[in-house]
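Peer 1: Protein sequence lines correspond, in order, to chains A and B.
Using the working numbering, read the first sequence as starting at 385 and increasing by one per residue.
Using the working numbering, read the second sequence as starting at 2 and increasing by one per residue.
None of these hints come from the bench; they were simulated from the model.
For every residue, glycine included, the Cβ atom is placed at its ideal position computed from N, Cα and C.
Incorrect hints may have been included.
Across the chosen pairs, the derived CB separations fall in these ranges [to be verified]:
hint: 1; chain 1: B; residue 1: 18; chain 2: A; residue 2: 439; range: 51 to 57 Å
hint: 2; chain 1: B; residue 1: 180; chain 2: A; residue 2: 564; range: 29 to 35 Å
hint: 3; chain 1: B; residue 1: 98; chain 2: A; residue 2: 608; range: 40 to 46 Å
hint: 4; chain 1: A; residue 1: 416; chain 2: B; residue 2: 165; range: 22 to 28 Å
hint: 5; chain 1: B; residue 1: 176; chain 2: A; residue 2: 441; range: 41 to 47 Å
hint: 6; chain 1: B; residue 1: 56; chain 2: A; residue 2: 419; range: 39 to 45 Å
According to the in silico footprint, chain B covers these stretches of chain A (three or more CB under 8 Å from chain B) [unchecked claim]:
hint: 7; region: 502 to 512
hint: 8; region: 626 to 638
With the Cβ distance kept under 8 Å, some of the chain B side facing chain A (calculated, not the full set) [stated by the list, open to error]:
hint: 9; residue: 47
hint: 10; residue: 73
hint: 11; residue: 74
hint: 12; residue: 94
hint: 13; residue: 95
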Amino acid sequence: MSLTRSITRALTQPLTRRLTAPGIGGGGGSPSLTTQVTAIFAATSAKGYMLNVQDIATLSQDTAGATPVVNVSDVIGRIADLSGNGNHFTQATAANKPAWNGNGADFDGAGDALTRAALDLSGCSHVYVVFAGQKTTGNNNSVIMYHSASPATIDGAFSLSANGGSLVNFQYAARGITSNAQARISQASDVMASTVAYWNLTVGVDTPTQLDVWVNGSAQTVPAGANTGIGALTTQTHYIGSNDSLHFSGKGRRYAVLATTSALTAPQLTTLIAWAEEGRI
Amino acid sequence: MSLCAIIPVASLIGANAALESLGHGPRNFSVPAFGASGLATHAALHTWTQPAFIAAVKAIPGVVWQEGEGDPVARTKSLIEAQGAQWGDQATAYAGTLTAGKMYRYSDDSLWWCIQPYSTVTFSAHPSTYPALIKRARRSGAYEPWVQPLGAQDSYRLLDPFTGLPEVCRHLNKNWRTKVDNNVWEPAVGPLWAEVA
Numbered sequence: 385m386s387l388t389r390s391i392t393r394a395l396t397q398p399l400t401r402r403l404t405a406p407g408i409g410g411g412g413g414s415p416s417l418t419t420q421v422t423a424i425f426a427a428t429s430a431k432g433y434m435l436n437v438q439d440i441a442t443l444s445q446d447t448a449g450a451t452p453v454v455n456v457s458d459v460i461g462r463i464a465d466l467s468g469n470g471n472h473f474t475q476a477t478a479a480n481k482p483a484w485n486g487n488g489a490d491f492d493g494a495g496d497a498l499t500r501a502a503l504d505l506s507g508c509s510h511v512y513v514v515f516a517g518q519k520t521t522g523n524n525n526s527v528i529m530y531h532s533a534s535p536a537t538i539d540g541a542f543s544l545s546a547n548g549g550s551l552v553n554f555q556y557a558a559r560g561i562t563s564n565a566q567a568r569i570s571q572a573s574d575v576m577a578s579t580v581a582y583w584n585l586t587v588g589v590d591t592p593t594q595l596d597v598w599v600n601g602s603a604q605t606v607p608a609g610a611n612t613g614i615g616a617l618t619t620q621t622h623y624i625g626s627n628d629s630l631h632f633s634g635k636g637r638r639y640a641v642l643a644t645t646s647a648l649t650a651p652q653l654t655t656l657i658a659w660a661e662e663g664r665i
Numbered sequence: 002m003s004l005c006a007i008i009p010v011a012s013l014i015g016a017n018a019a020l021e022s023l024g025h026g027p028r029n030f031s032v033p034a035f036g037a038s039g040l041a042t043h044a045a046l047h048t049w050t051q052p053a054f055i056a057a058v059k060a061i062p063g064v065v066w067q068e069g070e071g072d073p074v075a076r077t078k079s080l081i082e083a084q085g086a087q088w089g090d091q092a093t094a095y096a097g098t099l100t101a102g103k104m105y106r107y108s109d110d111s112l113w114w115c116i117q118p119y120s121t122v123t124f125s126a127h128p129s130t131y132p133a134l135i136k137r138a139r140r141s142g143a144y145e146p147w148v149q150p151l152g153a154q155d156s157y158r159l160l161d162p163f164t165g166l167p168e169v170c171r172h173l174n175k176n177w178r179t180k181v182d183n184n185v186w187e188p189a190v191g192p193l194w195a196e197v198a
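The shape of chain B in the complex, shown without the other chains:
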């Protein structure tokens, strides 16, 4: 018997803080689940039998959980998808004909969210070549290419709820960390971005 659980990302920091305050360690909800924006919308966990911890997870406001037997990967994936999100780590390999609204993993382990269906045989260049067809997902703590935010909803935040640190990116062969909240500006030396060595 084990437990899978998921919460909206807005509740992530509070949920992890509550579990840590009860002696269950930091960052229990650590599995990012992505939405169509290319950003994580939920955070999930799976735990083996630990009665006190399971009770504490179930008591968190807004948590959705499933308890039972069976493969943890299949059960966690099912719970994530029931919330309308997708598990990046278990995304389908980028190949063949892609389906809109589904997440794919490219050969370099980067994650992509398909906007419109297309054939990777016909459109065989790197997925970044086709911004109208597919969008790169942003993974917490990873120095992935900077993407111009469309607005506050996908801006770079001062507090990444998964890492507890400012969001980071890579641009012009340099790593950057935002110095302000809801940063929509291109990385450059100045008051908005700090270069990371």
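Excised from the complex, chain A in its bound form:
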């Protein structure tokens, strides 16, 4: 790990705690964390999206955004992107729409998902993947987020999963040209959790030097993995909740992908982690 990245990780923990303290980031004249993350997208010209499923104002029952979600158990057919990039997520199939639970979405593990077709992440060297939610049941390796030309296509893709068999870990995978860079972090995914993953797309030497992970606001030790290179990301379909075959059963609150041409600064990264944490608590 480079000195810069070590310093970045060392800085994030105390800053995260300060930003998530009561009264910080939510009022008193300070912009909300959501507003601050939106500003990071603008400041860095980040590609990607930002979904706050806890914000009912961003949810619609239909794909066009004409019928708002109003009540608990209303289905969600569209989540508006808050990044400014216009990458709204939709689901047209009635059986695959998750349901509003009053503080996020319930995914049924039987196909519930939203997708954004033709999500352009090209030309970027860094990608940050953000999730807050909980796997509730299921024996499967369930897909939380998945970016690929198709589930059968592996080159230049990445995913975040919650593993089956045991429910107690997250799996971070980026699929390179020759092999799969993969790390499992033994942090409970069967309780409400937040996680931020940072992939350095340009290094491609070994997983710990490519990947940094924070779970519940704390930096994690990434285990050694196969030598690989993720390869360039392109314009591909992005899925949340399922990749058409591996379905997530649980609660989803926040999702974001920021693809950039340089690493975020320490304060920007801290804000991103705090935004994910705000979704967990």
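Position chain B relative to chain A; hints supplied.
Peer 2: Frame of chain A, contents of chain B only:
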């Protein structure tokens, strides 16, 4: 309150077309449920509260449904198993002593149907090593290793009812798509198979 529903795979295309024609979107029945042949025999769905959609599902001929409260995964799994099928996505991890007639998920996420009980400790090689003990299930749209069909019942079809496309496989490090219906021949360049880039 939510609804789980299941139909035989022979009715899948018609059921999904009927629901789509009513404005409920494509491919509502999308969860494959497997039988002993290693092929999908049923298709299932779960939906949250949507009165018009639920009424439309219940009206489909041949559909079996269950409406109620509780964990969607447990309820959908129970409904699938009541039809004598198994939900591949929720299959038990491949480990320990396997039970005949049960589906297992190998570490690479491939699905296998146990023919005879055996210990994975004693028989510790890849499951494809033991064709008399366990059979690989064929998942729609996945480029999985070609398996010599035993007859028309497990041949490669021109119309996969889940994807609406010809069935595909992987053979000799290449991906293939059948060009004819009920294809039982080994993939090769020619009139029967098309190589997929």
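Peer 1: Look at each hint and say if it fits the structure.
Peer 2: Here is how each hint holds up against the structure:
1. 18/B x 439/A: 51 to 57 Å: violated (36 Å)
2. 180/B x 564/A: 29 to 35 Å: holds (32 Å)
3. 98/B x 608/A: 40 to 46 Å: The hint (40 to 46 Å, Cβ to Cβ) is violated, given that residue 98/B and residue 608/A are roughly 33 Å apart.
4. 416/A x 165/B: 22 to 28 Å: violated (45 Å)
5. 176/B x 441/A: 41 to 47 Å: holds (44 Å)
6. 56/B x 419/A: 39 to 45 Å: holds (43 Å)
7. 502 to 512: Our answer is that it is violated, as 0 residues pass the Cβ test (under 8 Å) against chain B, missing three.
8. 626 to 638: holds (count 5)
9. 47: Holds. Min distance 4 Å.
10. 73: OK, holds: residue 73/B within 8 Å of chain A, min 4 Å.
11. 74: holds (4 Å)
12. 94: holds (5 Å)
13. 95: violated (10 Å)
Checked against the numbered hints given earlier, the structure breaks hints 1, 3, 4, 7 and 13 and satisfies all the rest.
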